[in-house]
Amino acid sequence: MQYFVSVIHDGTDLATDDEMSAIDAFNDRVRAGGHWVFAAGLAAPSTATVIDNRGDEPVISDGPFVETKEFLAGFWIFEADDLDVALRLAAAGSRACNRRVEVRPFAVL
Amino acid sequence: MIDFRHAIDGAHRDEWARIVAALARRFGDLDIAEEAAAEAFATAVERWPIDGVPPNPGAWLTTTAQRKAIDRIRRESRREDKQRQAQLMYDDDPPQPVGAIDDDRLRLIFTCCHPALAMEARVALTLRMVGGLTVPEIARAFLVQEPAMGRRITRAKTKIKAARIPYRVPATGDLPGRVGGVLSVLFLIFNEGYLATGADSDPVRHELTSEAIRLTRLLRGMLPRDGEVAGLLALMLLIEARRTARVSATGELVTLDEQDRGSWDGSLIAEGHRLVMERLASGAAPGRYQILAAINAVHTSARDMRDTDWSQIVALYDQLIVLDPSPIVALNRAVAVAELDGPEVALAIIDRLGDTLARYHAYHAARADLLRRLGRSEESRVAYDRAIELAGNSAETAYLTRRRDQLA
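Chains S and B, in that order, give the protein sequences.
For the first sequence, position 84 (counting from the first letter as 1) is numbered 84 according to our numbering, and the numbering increases by one without interruption.
For the second sequence, position 90 (counting from the first letter as 1) is numbered 90 according to our numbering, and the numbering increases by one without interruption.
Just chain S, same shape as in the assembly (with noise of 0.2 Å):
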């Protein structure tokens, strides 16, 4: 089962050195436990284009779908066998990158 571990952030700043190695061992651990699946930064939301293709014409805007004030900085991708796994290796995470988190399993077809 797949969890997506989304990093929730309501600022400008980028996370600081103390943090990024934070991460960085908080990921080591991820590795070695076998949950692994992927994880990534995201750049600002000002720097975010939304492309519309449903007309005609690909309808291209500057700037991200909503505005608001929390906005999506990051995430992880987790294999665990269940929500309490996926909760403990969140609440690291979270304590890690030093943000709020929130965690979703993957829709099962």
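No wet-lab data here; the hints were simulated from the structure.
Treat the hints with caution; some may be incorrect.
As the list claims (entries may be wrong) - Subject to a maximum C-alpha distance of 25 Å in a straight line, what follows is the list of computed SDA-like cross-link-like pairs (lysine to any residue):
| hint | chain 1 | residue 1 | chain 2 | residue 2 |
| --- | --- | --- | --- | --- |
| 1 | B | K161 | S | L14 |
| 2 | B | K159 | S | P58 |
| 3 | B | K161 | S | T49 |
| 4 | B | K161 | S | D81 |
| 5 | B | K161 | S | V50 |
| 6 | B | K161 | S | Q2 |
| 7 | B | K161 | S | P105 |
| 8 | B | K159 | S | S6 |
| 9 | B | K161 | S | L109 |
| 10 | B | K68 | B | P136 |
Stated by the list, open to error - Distance windows between CB atoms, simulated:
| hint | chain 1 | residue 1 | chain 2 | residue 2 | range |
| --- | --- | --- | --- | --- | --- |
| 11 | S | F106 | B | R168 | 13 to 23 Å |
| 12 | S | N53 | B | R168 | 45 to 55 Å |
| 13 | B | A162 | S | M20 | 28 to 38 Å |
| 14 | S | L42 | B | D71 | 42 to 52 Å |
None of the values given here were measured: they were computed from a predicted structure.
Just so it is clear, CB atoms sit at the ideal spot from N, CA and C, and this is done for glycine as well.
Starting from the known structure of chain S, fit chain B onto it as the hints suggest.
Quick look at chain B alone, frame taken from chain S:
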């Protein structure tokens, strides 16, 4: 006919959680477990009056529920997963030792009270899956429309399935934290029965207090060494013992000092006292529920309000406030201080809580009473008015109105 009804009610009370838990373990799906258990009881209502009550009603119901669950899976999985279906058919669950079956119910309680579920969903799900209450019963108890309560339960079950909330008792390290959540769910259920919040509901909902006690007993049977489980059970028993004395024939709340102590339930009090003594003898530092139980043990030891050992009660509140420095604990402590040091001292404490408790009816009721005792009638009347405005419970409103109207 009455015998069948009695047998079915008894089986429902004793076997529901066991059956749901066993099915949840085997099929890994709360929906299937719950619906199959409900169908098995519906079949019992049809069959038992004709065929007679089976010699082992629990086994009969479990077998019937298993068959219903398999029928349901067969119907629903026609389009997919033939292999899983085949596996289910041949999985002849070996008979489980009693310990493991009890453990099953404990897992069910912990699944329903998982911290990833909203508190109100935990309460509803526990009453449904572990308590066996119907959705209309739960909706009525919490004054929520039935479809809304149904959606709340469905949503919680969907989350359990989609997010894969495990059907398991948490690891030893997580246990104290998780038991705490389970106990708050049980205490919420009890409190809603003890002093219903709705103006239109009965002031006391016995079906909820007794259900909360039954579930706490179940938990205590499974975690006999947990001090807070024992404490919560003792607390509920000591409060429940005074239930019939708490509301008058005319539906008015009767406060502790005016209650007919002869009508308190002696056997519940004795059981509650035994549990409190057992916890004291353990020498372990008490938690919140154990201290609250000890406070209630002091109240129920006194033959008369005047005999109450108020210094001990204040000392226990002093202990409680360290663990739980909430304004509500401070308010209750002040009420005890009034009996020990007089209303003036207590009023000074209460007045400091005004900012945080301005919307809490008990704050204004306590203040009104102290002002009345100090002869400050006008201020007391204002405080009673505010308390009446905020109180949701009809028995409490009736009591506060009478006290206000008695003011000089």
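A quick look at each hint next to the structure:
With a CA separation close to 36 Å, the supplied pair K161 (chain B) and L14 (chain S) exceeds the 25 Å bound. Taking the CA atoms of K159 (chain B) and P58 (chain S), the gap is near 37 Å; set against the 25 Å cutoff, the hint is violated. A distance of roughly 35 Å separates the Cα atoms of K161 (chain B) and T49 (chain S); the hinted pair therefore is violated under the 25 Å criterion. Of the supplied pair hints, the one linking K161 (chain B) and D81 (chain S) holds, its CA atoms being roughly 13 Å apart against a limit of 25 Å.
Distance check on the hinted pair: K161 (chain B) and V50 (chain S) sit about 34 Å apart at the alpha-carbon level, beyond 25 Å; violated. Taking the CA atoms of K161 (chain B) and Q2 (chain S), the gap is near 14 Å; set against the 25 Å cutoff, the hint holds. For the proposed pair K161 (chain B) and P105 (chain S), the alpha carbon gap of about 10 Å is at most 25 Å, so the pair holds. For the given pair, K159 (chain B) sits about 18 Å from S6 (chain S) by alpha-carbon distance, which is consistent with the 25 Å threshold.
This hinted pair checks out: K161 (chain B) and L109 (chain S) have alpha carbons roughly 13 Å apart, not beyond 25 Å. For the hint pairing K68 (chain B) with P136 (chain B), the CA-to-CA distance comes to about 23 Å; that is within 25 Å, so the pair holds. Here the CB-CB span from F106 (chain S) to R168 (chain B) is close to 21 Å, well matched to the stated 13 to 23 Å. Our hint of 45 to 55 Å for N53 (chain S) and R168 (chain B) holds, since their Cβ atoms are close to 46 Å apart.
At about 33 Å, the beta-carbon gap between A162 (chain B) and M20 (chain S) stays in the expected band of 28 to 38 Å. Against the hinted window of 42 to 52 Å, the Cβ-Cβ separation of L42 (chain S) and D71 (chain B) comes to about 49 Å, which satisfies the hint.
Hint violations for this structure: numbers 1, 2, 3, 5, all remaining hints satisfied.
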